[in-house]
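Q: If you count the sequence shown from 1, you need to add 94 to reach the numbering used here.
Mixed in with the good hints, there may be bad ones.
Taking CB as the label site, the calculated pair distances span [unchecked claim]:
(1) Pro329 - Ala356: 19 to 25 Å
(2) Ala322 - Glu376: 19 to 25 Å
(3) Arg172 - Asp260: 56 to 62 Å
(4) Asp260 - Gln353: 19 to 25 Å
(5) Asp106 - Gln353: 41 to 47 Å
(6) Leu149 - Asp106: 19 to 25 Å
Think of the hints as simulated: they come from the structure by calculation, not from any bench.
Keep in mind it's a predicted model, so treat the numbers as computed, not measured.
From the three backbone atoms N, C-alpha and C, an ideal C-beta is built for every residue, glycine too.
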Amino acid sequence: MIPSDFFVEVADYQTDLPALRAVRETVFVQEQKVPVEEEWDELDPVSRHVLARDLQGNPIGTGRLTPQHKIGRMAVLRDWRGRGVGAAMLQTLMDQARGLGYPELALNAQIDAVEFYRQFGFEPYGEEFMEAGIRHRAMRRSLGASEIVPRKAPDPMPPNREFEVDTLASVRDATLQLLGDARRQVWIYSRDLEPALYGAPEVLEELKRIGIQGRSAEIRILLQEPAALLKQTHPLMALAHRLGSTFLFRSPSEEIDLQHPAAFLLTDRGGYLHRPIGSRWEGVANLHGPGRQRQWREYFDAVWERSRPCSELRSLNI
Numbered sequence: 095m096i097p098s099d100f101f102v103e104v105a106d107y108q109t110d111l112p113a114l115r116a117v118r119e120t121v122f123v124q125e126q127k128v129p130v131e132e133e134w135d136e137l138d139p140v141s142r143h144v145l146a147r148d149l150q151g152n153p154i155g156t157g158r159l160t161p162q163h164k165i166g167r168m169a170v171l172r173d174w175r176g177r178g179v180g181a182a183m184l185q186t187l188m189d190q191a192r193g194l195g196y197p198e199l200a201l202n203a204q205i206d207a208v209e210f211y212r213q214f215g216f217e218p219y220g221e222e223f224m225e226a227g228i229r230h231r232a233m234r235r236s237l238g239a240s241e242i243v244p245r246k247a248p249d250p251m252p253p254n255r256e257f258e259v260d261t262l263a264s265v266r267d268a269t270l271q272l273l274g275d276a277r278r279q280v281w282i283y284s285r286d287l288e289p290a291l292y293g294a295p296e297v298l299e300e301l302k303r304i305g306i307q308g309r310s311a312e313i314r315i316l317l318q319e320p321a322a323l324l325k326q327t328h329p330l331m332a333l334a335h336r337l338g339s340t341f342l343f344r345s346p347s348e349e350i351d352l353q354h355p356a357a358f359l360l361t362d363r364g365g366y367l368h369r370p371i372g373s374r375w376e377g378v379a380n381l382h383g384p385g386r387q388r389q390w391r392e393y394f395d396a397v398w399e400r401s402r403p404c405s406e407l408r409s410l411n412i
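Between the sequences and the hints, there should be enough to build the whole structure, so can you do that?
A: Pasting the structure below:
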């Protein structure tokens with residue numbers, strides 16, 4: 095379970111360089127006596143970096159993924175060690191690698207950290223070696239096809255034109271294309287996050303892709319029956335654990351909102367999927383229909399403001 099006292103985000107190297115320095119130079123340069131000229135290299139500007147922050151926004155951990163498919167510079171400030179920060183950052187870096195289609199990941203682990211990386215499927219190979227005066231082992235793990243959910247590509251949505259959906263398959267295809275087109279924000283209004291739809295592995299993959307886009311990524315979900323997610327162990331809950339700062343849940347508190355019959359999905363690209371009766375699959379979708387999307391977004395925002403936090407999900411740290 096991801097703790098609720100920090101979050102992990104994908105960093106922007108130029109903007110977040112001071113935060114990266116604050117962690118790496120504290121851990122590696124000051125504590126481990128790595129020469130500062132060895133700590134920073136030509137791979138830093140071209141790598142993907144993640145930052146862990148406390149709830150006040152202070153940097154507490156960092157790591158990077160290089161174009162050579164290698165994880166490195168994993169560091170957590172002393173007061174935050176043993177609290178799941180490293181695990182959360184490593185998982186985020188692995189998710190980034192999967193999203194980029196990397197077949198394998200490698201890293202050089204300090205000897206004391208070898209068992210930590212084993213928990214995530216990394217195995218040591220080769221002989222022990224010295225790096226920056228510290229003993230290391232090379233490790234690697236596969237991100238093979240068995241971890242990637244294959245699916246048939248859905249038929250393309252008609253561009254900028256509303257069309258009808260009437261089956262689970264057509265709704266799922268429309269959902270996948272809407273999520274695939276979304277940049278960083280999604281809004282979902284549902285009675286119970288229909289497991290046949292939002293619990294589908296390929297839909298979860300698209301939600302995860304959005305969720306790891308950085309600090310502005312946000313998936314807002316209005317649930318009319320949040321307790322139902324606990325009863326049926328909804329697959330989305332595991333993803334929401336890992337990306338707790340991205341997934342935001344609320345539940346309507348006014349009777350008129352609780353009785354609203356529709357279910358819909360909206361994206362920050364002006365896309366929508368609207369089903370007038372949420373218990374049925376019939377509805378309409380559009381990859382880019384900003385006029386109608388704006389109407390449903392205004393309704394969503396109004397309900398969101400008068401809704402309550404989902405206390406039912408507190409046991410999940412969501």
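Q: Which of the stated hints cannot be reconciled with the structure, identified by number in ascending sequence?
A: none
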